[in-house]
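Trainee: Given next are the chains, with one letter for each unit.
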Amino acid sequence: MNERAAGNARASDGAAAALTDEDRIDLLRTMIMIREFEEQVQRSYLEGLVHGTTHLCNGQEAVCAGVAKALRDDDYVSYTYRGHGQCLARGMDLEAAFAELFGRATGACGGLGGSMHLTDIDHGLIGAFGIVGAGLPVAVGAGLSAQLAGRKQVSVCFFGDGAVNIGAFHEALNIAQVWRLPVIFVCENNLYGEFSHILHTTPYEDLVIRAASYAMRTELVDGNDVLAVYAAAAGAVARARDNGGPAFLECKTYRHRGHSRTDPAKYRAPAEVEAWLKRDPLSLYRAELCAAGLISESDADRFTIEARSAVKAAADRAAAAPWPSLKQDFMAKTFV
Amino acid sequence: MTANEKMAAAELKPLQMAIQEITYREAIVAALREEMRRDPKTLIMGEDIGASGGPFKTCQGLYEEFGASRVRDTPIAETGFVGAALGLALTGYRPIVEIMFADFLGVCFDQIANSIAKHRFMSGGRVKTPIVIRALGGAGLRFGAQHSQTAESWLLSVPGLKIICPSNPEQAYLMLKAAIRDDNPVLVLEHKALLSTKGAAPIGLDDVAMPTGPRVLRPGRHATIVASLAMVGKALAAADRLALEGIEAEVIDVQVLRPLNVSPISDSVRRTNILVTVEEQAPTGGWSSDVVADVVSQAFDFLDAPPARITLPDHPLPYSPHLEDSFIPSPERIAATVKSLL
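One line per chain: the protein sequences are A and B, in this order.
Add 1251 to a position in the first sequence, counting from 1, and you land on the number used in the numbering used here.
Add 216 to a position in the second sequence, counting from 1, and you land on the number used in the numbering used here.
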């Protein structure tokens, strides 16, 4: 499965060649930041600061970081309840993100959304959808908006492999293709829809087949190779900006942890987990940059320490923030 | 003239208001046309609403004036295009969608109940979602159980939506215009059996506002009848019959189902002391249950009899004409119910 994805990625290395050294290092730092954020979320959850549940994206950082690198500030991004990574990659403020997860007044959504609903319209983060597949039609609407406005924006939609079996997926892909909208559908295929292996719910592992049936341009991508993700995204985005229509990127990846906080993921074979951990996107890319001489091991360690310290400081500030007022005007939050 | 030139001309020339005798259908088209001329960020999407003008001709002429990009035929995919309306709204547009039959709201229920109604709130009030969802419902056309529901109660329990139900051409015109200008999601439930009914409407009126509560259509002092959509006409006909017997019934059109404002109805009951509601829906979970409960809470001491609710029977709507007719509340039944409480 990954051999096929890797073969495709090599074919599109051209776009990645245009990245500057600074861009490449920035990609690593974004991935480190997302990983450190998620680790801190895990710790904060255990401290009782994060409530309900939370869905971590450890292991999938290359997808959100790589795609975000291919976007402009005025592009639109929609994502899912496993959406912390997309938000951070687009520049959401760390403290606002933590404060939202902690349910505080200073959160990105004033504590009304939570971990599953981080939204930040100023960063083009139009919404996190807690219902599987529900974000795809909304992303199509943002794509129509981009097409009508004529400013060469694109709409990027992240979703998991589990979404390909729900009606919204099919309606959205069909409309996007029929109307040739600038929408990039990014499927994070981490092999499991909640607790179920993909082959338990879907007749094949390669989900590009679904998109191809809508006559959509597709690409199978090694989702644990951030440069491959960037290259594929940059190509799709450039075509979409140039009225070339939508694209479907299937990024093969793996979540290091369970579906959500309460899931120990015992349904996965240890050998499978081990094999994927060896292909940890962060370790692979860090090694690649070190091998290329762009950074030293100590640079990479420093990036990690700086990120850890930044997230810790942000989490501490968020934890000290006030709770939302019970006396606030909730009607004004519901209706304009 | 191109669409843009027409728009510019409309901007330059203030609308001339004229009371016109028009149909409910024409009122809908007029409201859509005027608001689409007024704001270039508006567009309408739905099934066969383009060159065909809509299966019920409620978009007649819009495609010719505004073109295919603002009057969009969609695939038969309510989840897809209703969800797309949210994406448009979040990024600066003011989408209107037409749901051909209100029954099809079931297909896109998730997008409305979980996404559209909640997105602003979940963002902490930081996004706006100006969306109009027009849905054509209602019985009386022999369309059977899946194409005859008013769907009034389906989304009644979902915070974050406004739900309005015009019962005559004037309301269809004024309320739809106000809904399109509203920055919130508004579900406009229209009634198929009313499309060809005529009435006076102030076409060209620019000063419109979203109603915030029910509207008294006929004053009276002996009983209060509250109805919605096609049942309003039945209630008015019942009031005509009662008047022949010297009974003056006050007829109130509930018109705004959400947020539901029962206080004016309670005020009416304080004067008439009798309450009858008429709803074209099964008895459980409809708006009239809320009206009765609130009136009992607010004006218990003024009631001379237990409030009566007239609804459809608790079954899907039958096809056969005499069965369908027997299901739908009639003026005779409404009048008899009022008399039984006096």
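To be clear, the hints were calculated from the coordinates, so they are not data collected in a lab.
There could be a bad hint or two in this list.
Stated by the list, open to error - When the alpha-carbon atoms are kept at most 25 Å apart in a straight line, the in silico PhoX-like pairs for lysine-lysine are as follows:
| no. | chain 1 | residue 1 | chain 2 | residue 2 |
| --- | --- | --- | --- | --- |
| 1 | B | Lys273 | B | Lys257 |
| 2 | A | Lys1403 | B | Lys344 |
| 3 | B | Lys273 | A | Lys1403 |
| 4 | A | Lys1563 | A | Lys1578 |
| 5 | B | Lys414 | A | Lys1584 |
| 6 | A | Lys1584 | B | Lys344 |
| 7 | A | Lys1578 | B | Lys344 |
| 8 | B | Lys273 | B | Lys414 |
| 9 | B | Lys414 | B | Lys555 |
Trainee: Does each hint hold? Answer for all of them.
Mentor: To see whether the hints hold, each was checked on the structure:
1. Proximity of Lys273/B to Lys257/B is assessed by CA-CA distance (about 23 Å); at most 25 Å being required, the pair is judged to hold.
2. The suggested pairing of Lys1403/A with Lys344/B holds, with an alpha-carbon distance near 23 Å, which does not exceed 25 Å.
3. A C-alpha spacing of about 35 Å is found between Lys273/B and Lys1403/A, which places the hinted pair above 25 Å, so the restraint is violated.
4. For a cut-off of 25 Å, the pair hint linking Lys1563/A to Lys1578/A is broken: about 30 Å separates their Cα positions.
5. Between the alpha carbons of Lys414/B and Lys1584/A the distance comes to roughly 39 Å, so the proposed pair goes past 25 Å and is violated.
6. A threshold of 25 Å between alpha carbons decides the hint, and for Lys1584/A with Lys344/B the separation of about 10 Å falls inside it, so the pair holds.
7. For a cut-off of 25 Å, the pair hint linking Lys1578/A to Lys344/B stands: about 22 Å separates their Cα positions.
8. Proposed proximity of Lys273/B and Lys414/B is supported: the alpha carbons are some 16 Å apart, at most 25 Å.
9. Among the hinted pairs, Lys414/B with Lys555/B is inconsistent with the structure: their alpha-carbon atoms are about 30 Å apart, more than 25 Å.
Hints 3, 4, 5, 9 from the earlier list are contradicted by this structure; the remaining hints agree with it.
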